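Below, each chain spelled out in residue letters.
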Amino acid sequence: DGGITQSPKYLFRKEGQNVTLSCEQNLNHDAMYWYRQDPGQGLRLIYYSQIVNDFQKGDIAEGYSVSREKKESFPLTVTSAQKNPTAFYLCASRGWDEQFFGPGTRLTVL
Amino acid sequence: GEDVEQSLFLSVREGDSSVINCTYTDSSSTYLYWYKQEPGAGLQLLTYIFSNMDMKQDQRLTVLLNKKDKHLSLRIADTQTGDSAIYFCAESDSGGYQKVTFGTGTKLQVIP
Chain S
1 DGGITQSPKY LFRKEGQNVT LSCEQNLNHD AMYWYRQDPG QGLRLIYYSQ IVNDFQKGDI
61 AEGYSVSREK KESFPLTVTS AQKNPTAFYL CASRGWDEQF FGPGTRLTVL
Chain L
1 GEDVEQSLFL SVREGDSSVI NCTYTDSSST YLYWYKQEPG AGLQLLTYIF SNMDMKQDQR
61 LTVLLNKKDK HLSLRIADTQ TGDSAIYFCA ESDSGGYQKV TFGTGTKLQV IP
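Sequences listed follow chains S and L, in order. In this text, residue positions in the first sequence follow the numbering used here: the first is 1, and each later residue adds one. In this text, residue positions in the second sequence follow the numbering used here: the first is 1, and each later residue adds one.
Since the hints were made in silico from the structure, they are not lab data. It cannot be assumed that every hint is accurate.
Dumping the calculated DSSO-like pairs for lysine-lysine here, alpha-carbon to alpha-carbon at most 30 Å [claimed, not checked]: (1) 9(S) / 99(L); (2) 107(L) / 67(L); (3) 70(S) / 99(L); (4) 67(L) / 83(S).
Here are some chain L residues pointing at chain S (derived, C-beta under 7 Å) [stated by the list, open to error]: (5) 10; (6) 13; (7) 39; (8) 43; (9) 45; (10) 102; (11) 104; (12) 105.
Computed beta-carbon distance windows for the label pairs [as the list claims (entries may be wrong)]: (13) 14(L) / 62(S): 38 to 48 Å; (14) 98(L) / 22(S): 20 to 30 Å; (15) 58(L) / 40(S): 45 to 55 Å; (16) 57(L) / 81(S): 41 to 51 Å; (17) 56(S) / 104(L): 21 to 31 Å; (18) 66(L) / 108(S): 36 to 46 Å; (19) 3(L) / 57(S): 16 to 26 Å; (20) 62(S) / 59(L): 23 to 33 Å; (21) 61(L) / 41(S): 20 to 30 Å; (22) 51(L) / 77(S): 19 to 29 Å; (23) 77(S) / 11(L): 33 to 43 Å.
Since the model is a prediction, treat every value here as computed from it, not as a measurement. From the three backbone atoms N, C-alpha and C, an ideal C-beta is built for every residue, glycine too.
Produce the entire structure from the sequences given, and follow the hints as far as they go.
See below:
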């Protein structure tokens with residue numbers, strides 16, 4: 001099946017720890033994106049990548065980092081510098097017209 | 001910068017039509033999307049329309065675009081309880097690699 005997978009579905013982190021969220025796609029899309037969603041709010045763009053080994057900051061990049069070493073993979077690291085990391089994180093990839101989303105990872109900081 | 005606005009909530013009775021509205025500010029918007037999000041899940045692409053179109057119909061879904069007023073609507077005919085979800089409007093000014101800007105979402109509640 002073609003699509004986007006994210007893992008894990010739920011993630012718990014202690015304050016002060018870095019965590020990495022996985023995103024993989026087999027749609028052969030060049031562009032990939034990370035969004036953050038808070039309860040009752042829309043999506044805010046964290047980072048996006050247009051091509052392998054290149055990425056750009058979105059609207060709320062502080063406290064996050066990404067890498068794009070392979071076309072299929074776009075992992076997001078939530079660092080200890082992110083002051084309020086508890087949220088639902090969504091990964092997406094885009095062909096020319098359509099943008100598709102993964103199922104999301106819910107991160108909770110304990 | 002780009003801005004996309006939606007009303008927060010809509011309640012309809014099962015079997016009625018639902019109309020979800022969206023306005024956007026970017027006059028160069030080329031792609032306009034509608035997504036559906038069920039609780040705890042990712043976003044599902046429902047349909048999209050190019051800016052050179054006025055209308056697109058896909059089964060129970062009808063998208064209307066008024067480019068002059070920068071207004072987009074999604075009509076769901078014969079609304080069912082399974083249509084209860086949050087609906088997001090989104091826009092992009094080009095295809096391919098560019099970012100997509102999302103509205104805050106409209107929560108649709110379908111009353112049996």
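Hint check:
{"no.": "1", "hint": "9(S) / 99(L)", "result": "25 Å, holds"}
{"no.": "2", "hint": "107(L) / 67(L)", "result": "24 Å, holds"}
{"no.": "3", "hint": "70(S) / 99(L)", "result": "20 Å, holds"}
{"no.": "4", "hint": "67(L) / 83(S)", "result": "40 Å, violated"}
{"no.": "5", "hint": "10", "result": "15 Å, violated"}
{"no.": "6", "hint": "13", "result": "24 Å, violated"}
{"no.": "7", "hint": "39", "result": "11 Å, violated"}
{"no.": "8", "hint": "43", "result": "4 Å, holds"}
{"no.": "9", "hint": "45", "result": "6 Å, holds"}
{"no.": "10", "hint": "102", "result": "4 Å, holds"}
{"no.": "11", "hint": "104", "result": "4 Å, holds"}
{"no.": "12", "hint": "105", "result": "5 Å, holds"}
{"no.": "13", "hint": "14(L) / 62(S): 38 to 48 Å", "result": "45 Å, holds"}
{"no.": "14", "hint": "98(L) / 22(S): 20 to 30 Å", "result": "25 Å, holds"}
{"no.": "15", "hint": "58(L) / 40(S): 45 to 55 Å", "result": "28 Å, violated"}
{"no.": "16", "hint": "57(L) / 81(S): 41 to 51 Å", "result": "48 Å, holds"}
{"no.": "17", "hint": "56(S) / 104(L): 21 to 31 Å", "result": "23 Å, holds"}
{"no.": "18", "hint": "66(L) / 108(S): 36 to 46 Å", "result": "42 Å, holds"}
{"no.": "19", "hint": "3(L) / 57(S): 16 to 26 Å", "result": "19 Å, holds"}
{"no.": "20", "hint": "62(S) / 59(L): 23 to 33 Å", "result": "42 Å, violated"}
{"no.": "21", "hint": "61(L) / 41(S): 20 to 30 Å", "result": "25 Å, holds"}
{"no.": "22", "hint": "51(L) / 77(S): 19 to 29 Å", "result": "36 Å, violated"}
{"no.": "23", "hint": "77(S) / 11(L): 33 to 43 Å", "result": "41 Å, holds"}
Consistency with the previously given hints fails for numbers 4, 5, 6, 7, 15, 20 and 22, ordered from lowest to highest.
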